Amino acid sequence: MKVKEIMTKDVISLNPEDNVTAALTLLFKMQISGLPVIDAQGKLVGMFTEKDVLSYILPSYIEKVGRFIYEENPKSTKKKFMELDKIKVVQLMRKDVVTTSEETTLSEVARIMLTQKVRRAPVLDKSGKVAGIVARCDVLKAFACEAEIPLKI
Amino acid sequence: MLKKFIFLIAISLGLVLLSMRIGLNAFQARAIGIFSVSILGTLFFWEFRLSFAFLGTAVLLASRTIDLEHLIKYSSLEIILFLVGMMVIIGLLKEEGFFAWIVSLIIRVKNLTAKKFVFVVSLISMLLACAVDEVTSIIFIVAAVLEICDYFEVDPVPYIIISVLATNIGSAGTVLGNPIGILIATKSGLTFEDFILKAFPLAVICLLATIAVVLVWYKKSLQKLDQQIKELGSNEMLIKLISVPAEKSTKKALSIFALTLLALAFSHRLDIFWKLEPNTVLLVVPLVTAALIMIWKHTKAREFIEKDVEWWTLLFFLLLFAQAGTLKYTGATDVLAKRIVGATGNNPHILTAVVLWLSAIGSSILDNVVLVAAFIPIIQGFQTLNLNLQPLWWALLFGGCLGGNITLVGSTANIVALGILEKERKIRVTFFRWFWVGLVVGVVTTAVIWLALVVLPIYH
Numbered sequence: 001m002k003v004k005e006i007m008t009k010d011v012i013s014l015n016p017e018d019n020v021t022a023a024l025t026l027l028f029k030m031q032i033s034g035l036p037v038i039d040a041q042g043k044l045v046g047m048f049t050e051k052d053v054l055s056y057i058l059p060s061y062i063e064k065v066g067r068f069i070y071e072e073n074p075k076s077t078k079k080k081f082m083e084l085d086k087i088k089v090v091q092l093m094r095k096d097v098v099t100t101s102e103e104t105t106l107s108e109v110a111r112i113m114l115t116q117k118v119r120r121a122p123v124l125d126k127s128g129k130v131a132g133i134v135a136r137c138d139v140l141k142a143f144a145c146e147a148e149i150p151l152k153i
Numbered sequence: 001m002l003k004k005f006i007f008l009i010a011i012s013l014g015l016v017l018l019s020m021r022i023g024l025n026a027f028q029a030r031a032i033g034i035f036s037v038s039i040l041g042t043l044f045f046w047e048f049r050l051s052f053a054f055l056g057t058a059v060l061l062a063s064r065t066i067d068l069e070h071l072i073k074y075s076s077l078e079i080i081l082f083l084v085g086m087m088v089i090i091g092l093l094k095e096e097g098f099f100a101w102i103v104s105l106i107i108r109v110k111n112l113t114a115k116k117f118v119f120v121v122s123l124i125s126m127l128l129a130c131a132v133d134e135v136t137s138i139i140f141i142v143a144a145v146l147e148i149c150d151y152f153e154v155d156p157v158p159y160i161i162i163s164v165l166a167t168n169i170g171s172a173g174t175v176l177g178n179p180i181g182i183l184i185a186t187k188s189g190l191t192f193e194d195f196i197l198k199a200f201p202l203a204v205i206c207l208l209a210t211i212a213v214v215l216v217w218y219k220k221s222l223q224k225l226d227q228q229i230k231e232l233g234s235n236e237m238l239i240k241l242i243s244v245p246a247e248k249s250t251k252k253a254l255s256i257f258a259l260t261l262l263a264l265a266f267s268h269r270l271d272i273f274w275k276l277e278p279n280t281v282l283l284v285v286p287l288v289t290a291a292l293i294m295i296w297k298h299t300k301a302r303e304f305i306e307k308d309v310e311w312w313t314l315l316f317f318l319l320l321f322a323q324a325g326t327l328k329y330t331g332a333t334d335v336l337a338k339r340i341v342g343a344t345g346n347n348p349h350i351l352t353a354v355v356l357w358l359s360a361i362g363s364s365i366l367d368n369v370v371l372v373a374a375f376i377p378i379i380q381g382f383q384t385l386n387l388n389l390q391p392l393w394w395a396l397l398f399g400g401c402l403g404g405n406i407t408l409v410g411s412t413a414n415i416v417a418l419g420i421l422e423k424e425r426k427i428r429v430t431f432f433r434w435f436w437v438g439l440v441v442g443v444v445t446t447a448v449i450w451l452a453l454v455v456l457p458i459y460h
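Residue numbers (our numbering), protein chains in the order written: chain A, 1 to 153; chain B, 1 to 460.
Please keep in mind that the hints were generated in silico from the structure rather than gathered at the bench. Computed from a predicted model, the values in this text were never measured in an experiment. Do not rely on the hints blindly, as some may be mistaken.
[Claimed, not checked] Here are some chain A residues the structure puts well away from chain B; computed CB gaps all over 10 Å:
no., residue
1, 1
2, 24
3, 43
4, 44
5, 49
6, 92
7, 128
8, 135
[What the hints assert, rightly or not] Simulated pairs of lysine-lysine, BS3-like, Cα-Cα distance not exceeding 27 Å:
no., chain 1, residue 1, chain 2, residue 2
9, B, 423, A, 51
10, B, 307, A, 51
11, B, 219, A, 75
12, B, 220, A, 75
13, A, 64, B, 240
14, B, 224, B, 116
15, B, 230, A, 78
16, A, 80, B, 230
17, A, 75, B, 110
18, B, 426, A, 75
19, B, 240, B, 116
20, B, 426, A, 51
21, A, 117, B, 423
22, B, 307, A, 64
23, A, 80, B, 426
24, B, 240, A, 78
25, A, 75, B, 224
26, B, 240, A, 75
27, B, 423, A, 64
28, A, 88, B, 426
29, A, 75, B, 115
30, B, 426, A, 64
31, B, 426, A, 86
32, A, 79, B, 426
Glycine included, each C-beta is placed from N, C-alpha and C at the ideal position.
Can you make the complete structure from the sequences, with help from the hints?
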C-alpha cells in the first residue's frame, strides 16, 4: 500500500499570517493537535502544533532548570497567553517539517513517524505542493486493513 | 560573509609577515598564521568554529608544522576529561533539582528591598559560578531574576546585567568557575587551594567594588523597584511559586557534590600525601565522582554522557589547545616572550600590567578560552627568562574573566543571559547599554586586581 491510498486529500491548513489564537481555536474545533501551514502559493512553510504554543507560554529555560514543581502559575504565562492574539502562526510554527511523498510505502512512512517523532506528515507531490496529509491513525488503520483485522470505528 | 573571510585571511597573512619581520622562522610564522585563522574564525564565524579548528589542525599536521605525537600531547586531554567529569556531576545536580532549589532560594527572599535584591543576586551569582561554572549558573540566576522582575513589573535589564557581571567575577574565584581556571591550574601548577586562598578573596573584593558601582549606576531603577515592592506588597506568590521535593536522592546528590568540592579543595594535600604529580588528584576527583554517579544512575549513564557533556565545545577546546601548543612546539611563543619582556624593560610589574590589561581587553572581544590558550605558551616562555610567573598567571586568570564584563559578547555567560532575555521578554540590549556600565566595572575591577598583584607579597 502507498501513502496516496491512505492520505487525507482535503487538507485543512493554516496561513502563515493567521493569528495564533484563531489557529488554536481551529485546532480545538477539529480536535487535533497540529496543522500544516501553507502559503498563498500552496507551498508548505511549516507545521503548527499545540506543543509550539505550550513551549511559548512556559519559560524557555524550563528544560534546563531540572526537576522542580510549579506550585503557582508564574505571572508571565498569563501575560504570554494574552499576547497570542498579536502573534502570527509563522512566528511560532516549526519550520523544519518532516514530509513524505505520494509513492512512499506504508512501512516507510511508519518508520519516518517513529524515528522522527511526528504524529502526522504532509504529503508533497512532484512539484513540491501539498497533495495531502497522512496521520499516525491512517497508517495504523492501513496496517489493520492489510492484516485483514476488522476495526470497529 | 565573503568580506569577513577576506578580512580574516588578510589579517592572518599580515600577522605572518609581521612575525617573520620580528625574527620568527617560516615554521613559526606558519603556526601563527594558522592559529590566527582559527582565532579569527571564532570571532567572525562563531557557528563554524569547530570547522575552522578541524581544518586548522589538519593543515598543521599535513604541513609538518607539528607531528602527531606532540599534537596529542598539547591537546591537553587531562583538561577535557576534567570538564567531562564536571559536566556529568552538573547533569546529576540538574536532574536532582539542585538548581531549581537555588532559584527558589532567590525568589523566596523575605522583606525584599531593591538593595537587598542586588546583594543577594550578586552574591549567589558569584558563589554559584564558583561552585559550578558560569555558563550553567547564569541560566538559573536569569530565571530567578526574570520571575522577580515580572512579579514586580520592573525592567529586568539592570538586574540581568548585574547578575552577569557578578557571575563573570565569580568565575575567577575557583578552578571550577571557568574553563580558563582549570587550563591555568594545570599549566601553571597552581592548585585548587591556591585558587581558594588567593583568587577567591580577590573575586570577593571585585564583587564588592562592582556592587558599589551598580548601586550608583542603576539608582533610578532601584528606586523604581522599591516603589513597586511597596505598591504590590511582599512577594507572597513568588514564595510558593516553585518547590523542590526533598527526596532522599536529592540529599544524596547534594552530599556527593559537597564531598567532591571537599576532595577538590584538599587535592593538593592528597597529591603530596600519595606522592603524586601536582594536580593529579584535582583531575582524578571529577572522574571518580562521575563514575560513581554513572554506577548509581546506571540507566541514565548514557544520557549524562550524551546530553550533559557538551562535546561540541570540548572538541573545540581540544583542537584549540593543540593549535596553541604548536606555537610552543615551533618556538614561536618563546620568541614572542623575549620580545615582550624586552619591550617592558625587564620590569616584572610592567609585565604583569601588560598581561592583565591585554587579556582583559582581548577577552572583551574574543572568547576567553581562545585568548588564554594563546597566552599560556607565551607565559611559559617567560620562565626561560628566569621571571617569577605567579603574578602573571593570576593576571591572566583575572584579565580573562573580568574582561568578559566589558562588552555584551565578552563571555559566554553574557551571550546566554541576553539570549534568554531576548527570547523571553523580546528585549534586545543594545551594545552601548551594556558597554558603559561594563566598561566602568571592567576597568575598576581590573585596576583592583592590578593593585593587589603589584602590592600584596602573597601574589609574588
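Structure-based check of all given hints:
no., hint, verdict
1, 1, "holds, 37 Å"
2, 24, "holds, 20 Å"
3, 43, "holds, 26 Å"
4, 44, "holds, 26 Å"
5, 49, "holds, 19 Å"
6, 92, "holds, 12 Å"
7, 128, "holds, 27 Å"
8, 135, "holds, 30 Å"
9, B:423 with A:51, "holds, 17 Å"
10, B:307 with A:51, "holds, 22 Å"
11, B:219 with A:75, "holds, 26 Å"
12, B:220 with A:75, "holds, 24 Å"
13, A:64 with B:240, "holds, 20 Å"
14, B:224 with B:116, "holds, 14 Å"
15, B:230 with A:78, "holds, 23 Å"
16, A:80 with B:230, "holds, 25 Å"
17, A:75 with B:110, "holds, 19 Å"
18, B:426 with A:75, "holds, 16 Å"
19, B:240 with B:116, "holds, 20 Å"
20, B:426 with A:51, "holds, 20 Å"
21, A:117 with B:423, "holds, 25 Å"
22, B:307 with A:64, "holds, 11 Å"
23, A:80 with B:426, "holds, 11 Å"
24, B:240 with A:78, "holds, 17 Å"
25, A:75 with B:224, "holds, 19 Å"
26, B:240 with A:75, "holds, 13 Å"
27, B:423 with A:64, "holds, 15 Å"
28, A:88 with B:426, "holds, 15 Å"
29, A:75 with B:115, "holds, 23 Å"
30, B:426 with A:64, "holds, 20 Å"
31, B:426 with A:86, "holds, 14 Å"
32, A:79 with B:426, "holds, 13 Å"
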